[in-house]
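Peer 1: The primary structure of each chain is shown beneath.
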Amino acid sequence: MAENDVVLRVQDLSISYLAPRGRVRAVSRVSFELHKGETLALIGESGCGKSTLGLSLIRLLPVTGRIDSGAMLYQRRDGKIIDIRKLNKNQVRRFRWAECAMVFQGALNSLNPVIRIRDMVYDTARAHGEHNPNKARRRAMDLFQRVRLDFERVFNAYPHQLSGGMRQRVLIALGLLLNPQVVILDEPTTAVDILTQRTIIEVLKSIKDEFDLSIIFISHDLSVAAEMADTVATMYAGEMVEIGPVNEVFYRPHHAYTLGLLEAVPRLSVGAEELSSIPGSPPDLIEPPAGCKFHERCPFVTESCQVELPPFVAVEDTHRAACFESDRVLARALEIHDHERTAR
Amino acid sequence: MIGFQTIATTSGLIIGAVCGLIPLMVGIRLRQWKPALIGFLACLFSGFACGFLGGLPMIIIATAVVISYSYIAKDDPFLSRASIDEVDFEESWQDSILRQMSSLGRTTRAATRALIRNKAGFIGFIGVMFFFFMTVFGPSLIDYDGQAHYYDRMKPGAITLFQGPSREFPLGLDYQGRDVLSHMVHGGQKLIITAVQAGIFTTIIAVILGAIAGLIGSIPDRLLTGLSNFILTIPQFPLLVVLASIIEFDQRIFLALLLAVLDWPTLMRAVRAQVLSLRERDYVEAAISLDLGLPHIIVREVLPNMISYIVISLIFSIRGAVYSQVGLVFLGMVPFKEPDWGVMIYMGRQQGALFLPEASSMLLSPILAIALFQLSLVLFTRSLEELFNPRLRAGL
Amino acid sequence: MNEPLVELHHVYRSFKQGRTSVQVLQDVNLHIAPNEILCLVGESGCGKTTTGKIITGLLDVSQGTVCYKGRPVHDYKGREHRAYRRALQIVHQDPFASLNPAHTVGQILSFPLKHHGMVEGRGAVRRRIWELLTLVDLTPPGDIVNKYPHQLSGGQRQRVSIARALTVQPELIVADEAVSMVDVSIRISLLKMLHRLRDELQVAVVFITHDLALAKYFAWEGRIAVMYLGRIIEIGPVPDIIGSPAHPYTRALISAIPEADPEITRSKARMQLRSEDIPSLTKIPTGCAFHPRCPFFVPGTCDVEVPPLANAPGFAQQVACVPLTEGYELRQHQPESVLDGP
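The listed protein sequences derive, respectively, from chains Z, X and P. For the record, in the first sequence the residue sitting at position 217 is 217 according to our numbering, with numbers rising by one throughout. Each number in our numbering corresponds to the 1-based position in the second sequence with 344 added. Each number in our numbering corresponds to the 1-based position in the third sequence with 740 added.
Derived from the structure by calculation, the hints contain no laboratory data. If you're wondering where the values come from, they're calculated on a predicted model, not measured in any experiment. Heads up, the beta-carbon is just placed ideally off N, CA and C, and yes, glycines get one too. Careful: at least some of the hints might be erroneous.
[Claimed, not checked] Computed cross-link-like contacts, DSS-like style, restricted to lysine-lysine with a CA-CA straight-line distance of at most 27 Å:
| no. | chain 1 | residue 1 | chain 2 | residue 2 |
| --- | --- | --- | --- | --- |
| 1 | Z | Lys205 | P | Lys817 |
| 2 | Z | Lys86 | Z | Lys135 |
| 3 | P | Lys809 | P | Lys756 |
| 4 | Z | Lys208 | P | Lys1008 |
| 5 | Z | Lys86 | Z | Lys205 |
[As the list claims (entries may be wrong)] Taking CB as the label site, the calculated pair distances span:
| no. | chain 1 | residue 1 | chain 2 | residue 2 | range |
| --- | --- | --- | --- | --- | --- |
| 6 | X | Leu357 | P | Gln847 | 40 to 46 Å |
| 7 | X | Arg453 | Z | Ser269 | 47 to 53 Å |
| 8 | P | Lys817 | X | Val605 | 40 to 46 Å |
| 9 | Z | Val307 | P | Arg822 | 56 to 62 Å |
| 10 | P | Val762 | X | Leu638 | 25 to 31 Å |
| 11 | X | Leu638 | P | Ala823 | 14 to 20 Å |
| 12 | X | Ser562 | P | Gln847 | 57 to 63 Å |
| 13 | Z | Arg341 | P | Ala1050 | 35 to 41 Å |
| 14 | P | Phe836 | X | Ala715 | 41 to 47 Å |
| 15 | P | Pro1053 | X | Pro639 | 55 to 61 Å |
| 16 | Z | Val307 | X | Phe476 | 57 to 63 Å |
| 17 | Z | Gly106 | X | Leu400 | 27 to 33 Å |
[As the list claims (entries may be wrong)] A few chain P positions that, by computed beta-carbon distances, are all more than 12 Å from chain Z:
| no. | residue |
| --- | --- |
| 18 | His750 |
| 19 | Tyr816 |
| 20 | Ala864 |
| 21 | Leu937 |
| 22 | Pro979 |
| 23 | Thr1005 |
| 24 | Pro1053 |
| 25 | Phe1055 |
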């Protein structure tokens, strides 16, 4: 790998599932890079493939899932480069949690009700190579403090004795237990209330700074991405359609889907708003349409969109998008912004 | 003429043929040759089996299937893209009948497909059909070998009248030298019919009581749950034995009723639990809000979601009833009249069949038959699960 | 002045949990005018869903009165009672559970139409189903009417739910988190459709949600009631509450919400609360239920008596906060945040 601070490089990754009707192309030819200390937000709606992508990074795809092609390369702290796809069982075990950890979607509601938090800590540590319980406990103490949890109260408790927000923070602490370089969070703020969500966001922001972590943040919530991410990527129907620095993607989007999402999210600080939905629904991933997968719902569609797949190319420095009409999209986005600015 | 008396008689055949003419003619008119032929054969067969009782319903079903092959929803207003003023929503009664028949036909075809799709279920179905035909048709085909003792069949040098399987008697002879095969064919009828009756009674009682307890709650619920708990705490089989020895059974249907009275609590509690859970569903709450009334909620909102469970429980009740009956006969509690599988087991044991190798057929045949029947029932439930799943219904 | 459609007077509601009694609603007072939009906003456990169900008559009150068109609900008997029931409908949150999986869309819509004799004759029923499906933007109706719920997407199912509510020509619809489980890009079209229905059919809408930004968008011309632990703590026109929130809890909510605009959201001032623990409903704090967490807490005032909803000088909305209603300026007493205490 060329640059020294690229921690994770995904090239041309394609993943499919076997369903009764056929093969579902859950992820198609996704490529991106994650740098040290960077927070990448993967934004998309249900069925876009973001969770599948996250699971594949730690080799946790279900039995029916299969990585069809592509590469996932990871650079360890000592500089050695690992091909995640080629790891054997033992190596995967050591890779998981110690190098790359994941906090799963809805996990705060799936904790085993008969296991205390401290046993979770010990079990996790032991399963991934740390056999000294005292070390694990000290590390947990440190981490719990950083996620603003009262160690004495939480460490010996059962999950049902903690609130939803506290459980989510326990899971984040568990993810950091073995000091990984990369943490993947799948919808960490979705199932919780507003004030709890705020606490979790603040906790994540402080951890990000303190530990120099690289974070992949999977969500459908654009607002949280705006708050936390350095880089934002939008996914649609299994493809990554746009990726770029957060200010670029939000203020100068180049893909029609990104623009559509931005226009569909209400904002508190603006007065009365003009919002619009994206008409239609996502395409069938077993027999996807020809050309750009978004063309059936796109207001900027042209003939070439219907036949040719737009290439994922750089539109600005580190900003890439897969759209033939990105100029028109950008123009419209700037138009909306000016309109808003004068309205304020 | 009407019912089972016409089995395997020419009059049954004639009735079947006459009934079969209707789907045949409709099919020929609609140019659906294969369905017409299948419809004709189906009617022929049901008439042959049950006279008019079988033939008449089959006319409707067979004709419906035939129609469904050729029916195209021509002027269905919902499928046109015209504006609302251009569309004619009224439907003549002829069109209405056609539409409903074709819908019935499609359902029948989907049901058949569901039956065949699951391999285990299909095997079970074949097994159940086999026993059904054996008990229904068998007695007409094989005479009952009922005489007292067949000394003339005894082999030279043998001590008892028992004989193992041979070419002349495929299942051997019993302790009186009678043909085991003929006893098998004739002896299943009472057992299976009583078991089916018991299953139906159990299901009816349990569903009604369970629905009342679940939907109305409070006092009726507490009374019924208490009653069911009471019956459940009593050991069922000993109670059955005691009651059977006291009560005189002039007709087997009372035995079925007795079995049902002791069997309903288990199913009722399960039905009640299902109803309680379905009652909290959002769509039931919506039905309450829309003021659709309690009968509608029970029959059209709750029951369709429970029907698969109910039918499967019916099958399991039948299973239990078979075992209870055999147990009763085995203990000599029920006045038995031969031929009967339970009696065969009882008499075989009494006559020392356990110790004689040549008598094994007399014991094994009914035991195997009962076991296979139960197995077929259980496997058949797999097909039923597929049949009742609405998610598969739409895959037409 | 229009007579209100539904009124709640001093409504209390409790549930039995084992041996203890949980007070879910305390002293809730509301009135909803015909054709009005009202949002009920709050976090989980605040009682908004219970209030919605009481409004539609699906739940009874433990104490207090519910009035429909000026008369207490219990006065309605027989046919009038059934008309009252039909006038208030609910649309549920979960698109997967709100429709009976055993029926097609056509059947689901035909049941209320036939049962109440809303239209006569099979042809008229089919015509009405066509109209309703078009009204909720499910076109062409032919693609939908013979489908089972599991063949439809979440957004389509919610539209069918709304169409079903419309079959009985209600005067008020309660939408209980009706768009929370639907994709982000579809939510706006559902809300726009609800708006249109309200304008065309003169239906009042009570919109229950925990998402303040969505509430703001939907109810810009209406009112918002913010609920906390079973009480309404602030109520008033939406632009006022969002623009200048009064109650500390409302302020905390507004400051906590992230926005889809990096510059705005990263420079927003965040309010710190004294404690992050949400009290359980079995042990509601004395006086103002928010006082253990309130950064403007005034000892001796806030923990003594339950503050009534009243007007506060300088604010257009009503608020349940004693220092505000007495005209004081709120001052932060404990600015530093505290770890989760026992």
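Peer 1: Does P/Lys1008 lie within 27 Å of Z/Lys208 when you go C-alpha to C-alpha?
Peer 2: holds (19 Å)
Peer 1: Between P/Phe836 and X/Ala715, does the C-beta distance stay in 41 to 47 Å?
Peer 2: At roughly 42 Å between Cβ atoms, X/Ala715 and P/Phe836 fall inside 41 to 47 Å, so the hint holds.
Peer 1: A cut-off of 12 Å on Cβ-Cβ distance, and P/Pro1053 was said to be off the interface with chain Z. Does that hold?
Peer 2: Non-interface label stands for P/Pro1053: nearest chain Z Cβ at 24 Å, farther than 12 Å.
Peer 1: With the threshold set at 27 Å, check whether the alpha-carbon distance from Z/Lys86 to Z/Lys135 stays at or below it.
Peer 2: Since the Cα atoms of Z/Lys86 and Z/Lys135 sit roughly 31 Å apart, the hinted pair is violated (cutoff 27 Å).
Peer 1: Has the given pair, Z/Lys86 with Z/Lys205, been kept, meaning a C-alpha gap of at most 27 Å?
Peer 2: Violated - the C-alpha atoms of Z/Lys205 and Z/Lys86 are around 33 Å apart, more than 27 Å.
Peer 1: Non-interface claim for P/Tyr816: all C-beta distances to chain Z beyond 12 Å?
Peer 2: Nearest chain Z Cβ is 37 Å from P/Tyr816, so the label holds.
Peer 1: Using the beta carbons of X/Leu357 and P/Gln847, state whether their distance is inside 40 to 46 Å or not.
Peer 2: holds (42 Å)
Peer 1: Please test the hint of 47 to 53 Å on the beta carbon pair from X/Arg453 and Z/Ser269.
Peer 2: With Cβ atoms ~60 Å apart, the hint is violated.
Peer 1: Regarding X/Ser562 and P/Gln847, is the given constraint of 57 to 63 Å on their beta-carbon distance met?
Peer 2: violated (32 Å)
Peer 1: Is the nearest CB of chain Z more than 12 Å from the CB of P/Pro979?
Peer 2: violated (7 Å)
Peer 1: Mind checking the alpha carbons of P/Lys809 and P/Lys756 for me, to see if they're no more than 27 Å apart?
Peer 2: violated (31 Å)
Peer 1: Measuring Cβ to Cβ, find out whether P/Ala864 lies farther than 12 Å from everything in chain Z.
Peer 2: Holds, because the least Cβ-Cβ distance between P/Ala864 and chain Z comes to about 31 Å, which exceeds 12 Å.
Hint compliance for this structure: hints 1, 2, 3, 5, 7, 12, 17, 22 and 23 are not met, and every other hint is.
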